[in-house]
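Chemist: Each chain, written out:
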Amino acid sequence: MVNLKESKFLIKQLSKPGSELTKKELKQLEKLVIKFGGKLRKDLNPVKGKINKPHVQVEGLGKSIESRHIWLKSGVK
Amino acid sequence: MVKIGCKINLIMEVVKKEFLDSFFNLFEAKVRITQFKEEQFSGMLKWENDDDTQDFKWYNIFSNEALVILKELCDLIKKYKLNDNDTIIITERELRSKLTSFNWDNNKIEKGIDALISISIKMVDDGEETDSFFMHF
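These protein sequence lines are chains H and B, in that order.
Sequential numbering of the first sequence, starting at 1, is according to the working numbering.
Sequential numbering of the second sequence, starting at 1, is according to the working numbering.
Just so you know, these hints were derived from the structure itself, not from any lab.
Do not rely on the hints blindly, as some may be mistaken.
In silico DSS-like pairs for lysine-lysine, Cα to Cα no more than 25 Å straight-line [unchecked claim]: (1) K5/H / K63/H; (2) K78/B / K5/H; (3) K122/B / K57/B; (4) K39/H / K27/H; (5) K122/B / K12/H; (6) K8/H / K46/B; (7) K16/H / K39/H; (8) K46/B / K16/H; (9) K78/B / K39/H; (10) K78/B / K63/H.
When you get a sec, could you build the whole thing from the sequences and use the hints?
Modeler: See below:
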């Protein structure tokens, strides 16, 4: 059973360069985040800035991880 | 007695520290700088109600003039609640219009927005640079 601390560690790992989630992995992550009372904020179409790739961020599990960018594989929504 | 060169250096460092405070205020984080050397700054971020901290590293590429404008822009974004974490929640056009209404001239608006969407501050986990803090529309 994954606890909150481990979940936050996982989120940090997922935000490393080169990591891209598949649709299935995104669903699993969403389930895990909801379990701890958080939610995913999807930014599928960032328009201007350093990032122009779809990503999600995690809200509600602590401010220290809210800025983490979890990248998605092309086409994942 | 403090030499003039030292005073100027001190003022330059204050500009950078004040910029970092304002930038990370957008993320509701408090900044503690642990090391700086020339244009590299390392430090730690802390949040209220979160025991976890985040190390960061910033390689500054901006002039002090740009940082002063950028600090002012970050403060305005915060004051008028124009961001949700790293996302600016109004369009670039709306932001430009708002800045014009605050008597910013076109040159200042250009410099401020360019700097805002170019800045990137590295998150550091166990000594390794991983994700980054940046702003986008």
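Chemist: Which of the numbered hints above does this structure break?
Modeler: Checked against the structure, the only hint that fails is number 2, while the rest are satisfied.
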